[in-house]
Amino acid sequence: MAKAKITRKSTWVDMTAFVDVSFLILTFFILATKFKPVEPVEVKFPSSVSADKVPETDAFLVTIDKDGRVFVQMDDPNARQSIANNLNETRQLGLDPAQIKAFTNAPSLGVPFAGMKELLSMTAEEQKNVRQPGIPVPDSTGGELYYWVRDAKSTYAGKKITWLIKADNETKYPVVRNVLEAFKRNDIYKFQLVTKFQDAPAGTPLWETRQNIIKSAGAGS
Amino acid sequence: MADIDTSGGGGGKKGPGVKKAKKLSTRVDMTPMVDLGFLLITFFIFSTTMAQPTAMQLIMPKDTENKEEQTKVKASGALTIMLGKSNGLYYYEGDDPTKLQSSTYKEIREVVIQKKKTTKPEDFVVVIKPNDEANYMNVVAILDEMAINEVKKYALVPISPVENELLQATEKANNIQ
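Chains A and B supply the protein sequences, listed in that same order.
Going by the numbering used here, the letters in the first sequence line up with residues 1 to 221, in that order.
Going by the numbering used here, the letters in the second sequence line up with residues 1001 to 1177, in that order.
Certain hints may be false.
Stated by the list, open to error - Calculated pairs, PhoX-like style, for lysine-lysine (alpha carbon to alpha carbon, straight line, at most 25 Å):
no., chain 1, residue 1, chain 2, residue 2
1, B, Lys1153, A, Lys184
2, A, Lys53, B, Lys1153
3, A, Lys172, B, Lys1106
4, B, Lys1085, B, Lys1023
5, A, Lys184, B, Lys1062
6, B, Lys1085, A, Lys44
7, B, Lys1152, A, Lys184
8, B, Lys1153, A, Lys196
9, B, Lys1072, A, Lys9
10, A, Lys196, B, Lys1106
11, A, Lys160, A, Lys128
12, B, Lys1085, A, Lys153
13, A, Lys190, B, Lys1152
14, A, Lys190, B, Lys1023
15, A, Lys66, B, Lys1085
16, A, Lys53, B, Lys1099
17, B, Lys1116, B, Lys1099
18, A, Lys190, B, Lys1072
19, B, Lys1152, A, Lys215
20, A, Lys196, B, Lys1022
21, B, Lys1072, A, Lys184
22, B, Lys1062, A, Lys160
23, B, Lys1074, B, Lys1153
24, A, Lys9, B, Lys1022
25, B, Lys1023, A, Lys172
26, B, Lys1062, A, Lys172
27, A, Lys159, B, Lys1062
28, A, Lys101, A, Lys66
29, B, Lys1153, A, Lys190
Bear in mind the hints are in silico, worked out from the structure with no lab data behind them.
Could you put together the complete structure from these sequences and hints?
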């Protein structure tokens, strides 16, 4: 009987198609996503049916984490510098120009006034590793946040500014109420709460209104 | 072979020392390119985000001691919703907090819709009172419920001591930790 001959087959696999797929996915991710913004703490914010976009510029963001630590964040370096100068003067922080520059470069901050000098003398890398205790907002007087809001308000006087509040799902309500009080004491009553979008459940009044808007837009075009 | 023999003459035989040009394969190994592609994908997945945050409008009333400036609410059209600990939710209609009923975030929609149907639109107002044990998610959820049910008038108001006591008593009765 003849021996069965085993033919040697090549193990070469054509990877070209694989490359096509991987670069297609890569292109999708580049186009469809956005870089994560720098955040002082990780916050899991709740969802809402609101579909308005969060403005990216001229915003003053108050972040509250689940332990109730309060952080402030401003996108505009010029505003940060002006606020640092104001606070330094009115609250006698004793910051030197180098520390004010450090504040101008730091996007967010969450320390009491007493700890600012110490925090701002650190390098940016050290600041990241330090656990910031948060801006004290102990009661309905608004605590130190009141002064932050006041200076932010005067810095942006005459310009449009959005007051954003981003809090964690687990944040206790009293902290949120105290933060709102800090704004209310500055005669600011209109806020934007940062949320995740979630469509209105089917059959509810808002859902019907939205369906009607879609229908009328479709009929109009 | 299918190759066209371009060597001229000599009966198809090359002389000694004349080497035939070796045919190089045009096939390129794509494996490193795949590696690179997936490395970049991984990087983009980790450093970017898909979800765009949205902004929910919240307008708070101005605090005033002046009774004249305070908004008056008809008791018949008022629905008070109180938020307690462990995602607890309690409501009562009118101005009698002792008629407190417990509910959940799913059931409250029916209550709000029912109340909206049975009251005059200009009288209907929802008063939201979170106590100190409520968390931020509860507050946003209930504000969102107002948007979902298109409640025109609602207010976020601090809870009164009497209501807070009633709420805590109910929580105790229901064994909510």
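Here is how each hint holds up against the structure:
A distance of roughly 20 Å separates the Cα atoms of Lys1153/B and Lys184/A; the hinted pair therefore holds under the 25 Å criterion. Between Lys53/A and Lys1153/B the alpha-carbon distance is near 24 Å, which keeps this suggested pair within the 25 Å criterion. For a cut-off of 25 Å, the pair hint linking Lys172/A to Lys1106/B stands: about 21 Å separates their Cα positions. A threshold of 25 Å between alpha carbons decides the hint, and for Lys1085/B with Lys1023/B the separation of about 79 Å lies outside it, so the pair is violated.
Simply put, Lys184/A and Lys1062/B have alpha-carbon atoms about 7 Å apart, close enough for the 25 Å limit, and the pair holds. In summary, the hint linking Lys1085/B to Lys44/A is supported, as the alpha carbons are separated by about 19 Å, within the 25 Å threshold. Between the alpha carbons of Lys1152/B and Lys184/A the distance comes to roughly 22 Å, so the proposed pair stays at or under 25 Å and holds. For the hint linking Lys1153/B to Lys196/A, the alpha-carbon distance of about 24 Å falls within 25 Å, and the restraint holds.
About 88 Å separates the Cα atoms of Lys1072/B and Lys9/A, which puts this hinted pair outside 25 Å; it is violated. Straight-line distance between C-alpha atoms of Lys196/A and Lys1106/B comes to about 19 Å, which keeps the hinted pair within the 25 Å bound. At roughly 31 Å between alpha-carbon atoms, Lys160/A and Lys128/A are farther apart than 25 Å, so this suggested pair is violated. With a C-alpha separation of about 35 Å, the suggested pairing of Lys1085/B with Lys153/A is violated against the 25 Å cut-off.
Between Lys190/A and Lys1152/B, the direct Cα distance comes to roughly 17 Å. Compliance with the 25 Å bound is thereby established for this hinted pair. For the suggested pair Lys190/A and Lys1023/B, the alpha carbons sit about 75 Å apart, so the restraint of at most 25 Å is broken. Between the alpha carbons of Lys66/A and Lys1085/B the distance comes to roughly 15 Å, so the proposed pair stays at or under 25 Å and holds. Straight-line distance between C-alpha atoms of Lys53/A and Lys1099/B comes to about 41 Å, which puts the hinted pair past the 25 Å bound.
Using a Cα cut-off of 25 Å, the hinted pair Lys1116/B and Lys1099/B holds, with the two alpha carbons roughly 19 Å apart. With a C-alpha separation of about 21 Å, the suggested pairing of Lys190/A with Lys1072/B holds against the 25 Å cut-off. In summary, the hint linking Lys1152/B to Lys215/A is supported, as the alpha carbons are separated by about 23 Å, within the 25 Å threshold. For the hint linking Lys196/A to Lys1022/B, the alpha-carbon distance of about 63 Å lies beyond 25 Å, and the restraint is violated.
Under the criterion of a C-alpha separation no larger than 25 Å, the hint pairing Lys1072/B with Lys184/A is consistent with the structure, at around 21 Å. Our distance criterion of 25 Å between C-alpha atoms is met by Lys1062/B and Lys160/A, whose separation comes to about 20 Å. With a C-alpha separation of about 12 Å, the suggested pair Lys1074/B and Lys1153/B falls inside the 25 Å cut-off, and the hint holds. For the hint linking Lys9/A to Lys1022/B, the alpha-carbon distance of about 23 Å falls within 25 Å, and the restraint holds.
For the hint linking Lys1023/B to Lys172/A, the alpha-carbon distance of about 75 Å lies beyond 25 Å, and the restraint is violated. At roughly 23 Å between alpha-carbon atoms, Lys1062/B and Lys172/A fall within 25 Å of each other, so this suggested pair holds. At roughly 22 Å between alpha-carbon atoms, Lys159/A and Lys1062/B fall within 25 Å of each other, so this suggested pair holds. Restraint check: the Cα-Cα separation between Lys101/A and Lys66/A comes to about 30 Å, which exceeds 25 Å; the hinted pair is violated.
Simply put, Lys1153/B and Lys190/A have alpha-carbon atoms about 16 Å apart, close enough for the 25 Å limit, and the pair holds.
The structure fails hints 4, 9, 11, 12, 14, 16, 20, 25 and 28 (numbered hints given earlier, in ascending order).
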